[in-house]
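Colleague: Single-letter residue listing:
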Amino acid sequence: MTPVPLEHSLLLAGTLFSLGLLGILVRRNILFVLMSIEVMMNAAALAFVSAGSRWAQPDGQIMFILILTLAAAEASVGLALLLQLHRRFKTLDTDAASEMKG
Amino acid sequence: MLNLLFLVFLSPLLGFLILSLGRGRISQNLAGVIGVGSIGISALVTLGCGIQLLTHPSADGAYTQLLWQWMQVGSFNPRFALRLDGLSLTMCGVITGVGFLIHLFASWYMRGDEGFTRFFSYMNLFVASMLFLVLGDNLLFLYFGWEGVGLCSYLLIGFWYQDPANGSAARKAFIVTRVGDTFMAIGLFLLFRELGTLDIQQAMATAPGHFEVGSKTVTAIAFLLLGGAVGKSAQLPLQTWLPDAMAGPTPVSALIHAATMVTAGVYLIARTRVLFELAPLALHWVGIVGAATLLLAGFTALVQTDIKRILAYSTMSQIGYMFLALGAGAWQAAIFHLMTHAFFKALLFLSAGAVILACHHEQDIFKMGGLRKKLPLPFWSFIVGGSALCAVPYLTAGFYSKDEILWQAFAGGHIDLFLAGLFGAFLTSIYTFRLIFTVFFGKEHSAAHSGHGISYTLPLAVLLLLSTFVGGMIHPPLSLVLPAGPGEGGGEMEHKIALLSGTVAILGIALAGLLFLGDRRFVKWLNNSALGEPLGRFFGAAFGFDWLYDKLFVRPFLWFVRVNASDYLDRGIMAAAGSLQSLNGELTKTQTGRIRWYAASVAAGAVLVIAVAALT
Numbered sequence: 354m355t356p357v358p359l360e361h362s363l364l365l366a367g368t369l370f371s372l373g374l375l376g377i378l379v380r381r382n383i384l385f386v387l388m389s390i391e392v393m394m395n396a397a398a399l400a401f402v403s404a405g406s407r408w409a410q411p412d413g414q415i416m417f418i419l420i421l422t423l424a425a426a427e428a429s430v431g432l433a434l435l436l437q438l439h440r441r442f443k444t445l446d447t448d449a450a451s452e453m454k455g
Numbered sequence: 005m006l007n008l009l010f011l012v013f014l015s016p017l018l019g020f021l022i023l024s025l026g027r028g029r030i031s032q033n034l035a036g037v038i039g040v041g042s043i044g045i046s047a048l049v050t051l052g053c054g055i056q057l058l059t060h061p062s063a064d065g066a067y068t069q070l071l072w073q074w075m076q077v078g079s080f081n082p083r084f085a086l087r088l089d090g091l092s093l094t095m096c097g098v099i100t101g102v103g104f105l106i107h108l109f110a111s112w113y114m115r116g117d118e119g120f121t122r123f124f125s126y127m128n129l130f131v132a133s134m135l136f137l138v139l140g141d142n143l144l145f146l147y148f149g150w151e152g153v154g155l156c157s158y159l160l161i162g163f164w165y166q167d168p169a170n171g172s173a174a175r176k177a178f179i180v181t182r183v184g185d186t187f188m189a190i191g192l193f194l195l196f197r198e199l200g201t202l203d204i205q206q207a208m209a210t211a212p213g214h215f216e217v218g219s220k221t222v223t224a225i226a227f228l229l230l231g232g233a234v235g236k237s238a239q240l241p242l243q244t245w246l247p248d249a250m251a252g253p254t255p256v257s258a259l260i261h262a263a264t265m266v267t268a269g270v271y272l273i274a275r276t277r278v279l280f281e282l283a284p285l286a287l288h289w290v291g292i293v294g295a296a297t298l299l300l301a302g303f304t305a306l307v308q309t310d311i312k313r314i315l316a317y318s319t320m321s322q323i324g325y326m327f328l329a330l331g332a333g334a335w336q337a338a339i340f341h342l343m344t345h346a347f348f349k350a351l352l353f354l355s356a357g358a359v360i361l362a363c364h365h366e367q368d369i370f371k372m373g374g375l376r377k378k379l380p381l382p383f384w385s386f387i388v389g390g391s392a393l394c395a396v397p398y399l400t401a402g403f404y405s406k407d408e409i410l411w412q413a414f415a416g417g418h419i420d421l422f423l424a425g426l427f428g429a430f431l432t433s434i435y436t437f438r439l440i441f442t443v444f445f446g447k448e449h450s451a452a453h454s455g456h457g458i459s460y461t462l463p464l465a466v467l468l469l470l471s472t473f474v475g476g477m478i479h480p481p482l483s484l485v486l487p488a489g490p491g492e493g494g495g496e497m498e499h500k501i502a503l504l505s506g507t508v509a510i511l512g513i514a515l516a517g518l519l520f521l522g523d524r525r526f527v528k529w530l531n532n533s534a535l536g537e538p539l540g541r542f543f544g545a546a547f548g549f550d551w552l553y554d555k556l557f558v559r560p561f562l563w564f565v566r567v568n569a570s571d572y573l574d575r576g577i578m579a580a581a582g583s584l585q586s587l588n589g590e591l592t593k594t595q596t597g598r599i600r601w602y603a604a605s606v607a608a609g610a611v612l613v614i615a616v617a618a619l620t
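In order, the protein sequence lines correspond to chains A and B.
Counting in my numbering, the first sequence runs from 354 upward without gaps.
Counting in my numbering, the second sequence runs from 5 upward without gaps.
Take these hints with a grain of salt, some might be off.
Think about it this way: if two alpha-carbon atoms lie no more than 20 Å apart in a straight line, the pair counts; the simulated SDA-like pairs of lysine to any residue are [claimed, not checked]: (1) LYS454/A to TYR602/B; (2) LYS454/A to ALA603/B; (3) LYS500/B to LEU426/B.
Hints were generated in silico from the structure; no laboratory data involved.
My request is simple: use the sequences and hints to build the entire structure.
Modeller: Printed below as a string of structure tokens:
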């Protein structure tokens, strides 16, 4: 089995990352924003894994585990924020919570 | 005992620290005990030191306590030393003794005021600074205390700061005395340049060898010091602040603006006597300033209606007597009058405070009347204090000192000063008994309630006793510090002068009785006559000095400030501030509060950084 070339996996990771970023920038629903963040994190993790396999180093997979943990923590905080947002503003629109502007 | 001398000023200073740090945490009773007690300790130490000094006198009759060297800059090395001699002992006795009684009275007068602790902390700081002023063995320390008492005077005049009028009175007092202080500072600089020291004893010892009599430099120094003294002691032409200073609580007026601080100018001139003797022209002007002030203040007091302002003008005129005495070379008589004046003027102010409180903060004497029965203690205090102020012969303390001043002015050949003083005594009798007859006799106008308690009666009783001939028997131990006056041991002529001044005083009282007892028809006619009405207004405005200074200094200064507010320099500074403000406005707009904007700017920033890193 020939390994997937690094360029391909990096291209995939870059595409996923851009899609995630685009999601954050255009979505106003905080649930979708959180999902987009997950996509971006996984894109970054994919880049680490593919780089690790290219140079046959374990570091890439270690980073993946770290990012997985981070994503879990982030999800819990993000969901807590979501709940609070819903309680305070009766909506999931992030732009509603713009009271500290200016 | 003498080595405890430092306690004299340390005790009020500690009192000040405790009261100001514990403000809001200590009860009113405790604050009163600390505030009054610290002055009590200092009075006891002064008493002990005084007894020791007088019973075991050293060769020069003085004791110097070197505490430490303050600093050393080249040849300038002021020592922090206290010097107790006859003059500073007299001053300390007055400050701590009369000061203690006034503090005691104040603990009655100020009871219930929300600023009680603050009041006593300022009062203690004042006493500490004043003791610093008189005990310092160095003109630098004298100046330090001089500024300290000025600060406390400012704080206490504006004590009830919620009323803007009190604040502006405090500022006026501070700024007007500052004019004098500037003169004094320049005088001290000149003195240091000439003699290379500010140590009083050293300077006074070397001055006669350094200066010729009447040389320009020493005359300039003496005049500059006189400027400082004139500002602090509210003499012509810097006298305008004292009547307004009556905005402070009455015990403050008694302590600062009658008994102690305003006499600091007299002390300064007596302390630097050698310089003034080397500059006869300046000394002559000291007398002229005193004579002019005592007449001006006398005429002004004739038509005032505020009980405290009358007393303020009488203070001004009595300090005029002290300056007159200094100018006539009657050094000891000046300090003697300073002491007796402290007794009877403190008595008058404290009983005025009692009257004001009894009449529910009424200060207009024509709204009082017939208070004789309701307020017996203030009434008798006013009779005795007022008689001492008028120098009623033989019975009162004021007679012994004022008569000595008049006699020595006469004996020294200063006939002009003598006549001014005599006429001033006549005016004093009229306005003092005008006040007493109006307030305590005649019809009752208002309900009054008398005070009671030991802190009310004791100070009045002690000061009342000291204002009689008992106070005149206390002779300050000045013979080793100040030279004898021109007419020492006068003989027959002295009795004639005493008889003359006594007659003048009693004539004045009789005239006041004729004018102000009964229904005052003549006074009313005089006030409405073509000549009397404008003259009364002129006197009432204190000869228009406030008006003149307003036109000469205040308005031009305000005009200049207004014009100067928008010159090129200010515009440049304001432009810098304005551009920062508009930048702030622009940057604020980027804080939209929308999370997508922030995410976009983070992403854009990251792209930018990576692009820069990749392309370079």
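Colleague: Does the alpha-carbon distance linking LYS454/A and TYR602/B stay inside the 20 Å limit?
Modeller: 12 Å, holds
Colleague: Are the Cα atoms of LYS500/B and LEU426/B separated by 20 Å or less?
Modeller: Between LYS500/B and LEU426/B the Cα gap is close to 13 Å, so the pair holds against 20 Å.
Colleague: Holds or violated: LYS454/A and ALA603/B, Cα atoms, limit 20 Å.
Modeller: Status holds; Cα separation ~15 Å.
The structure agrees with every numbered hint stated previously.
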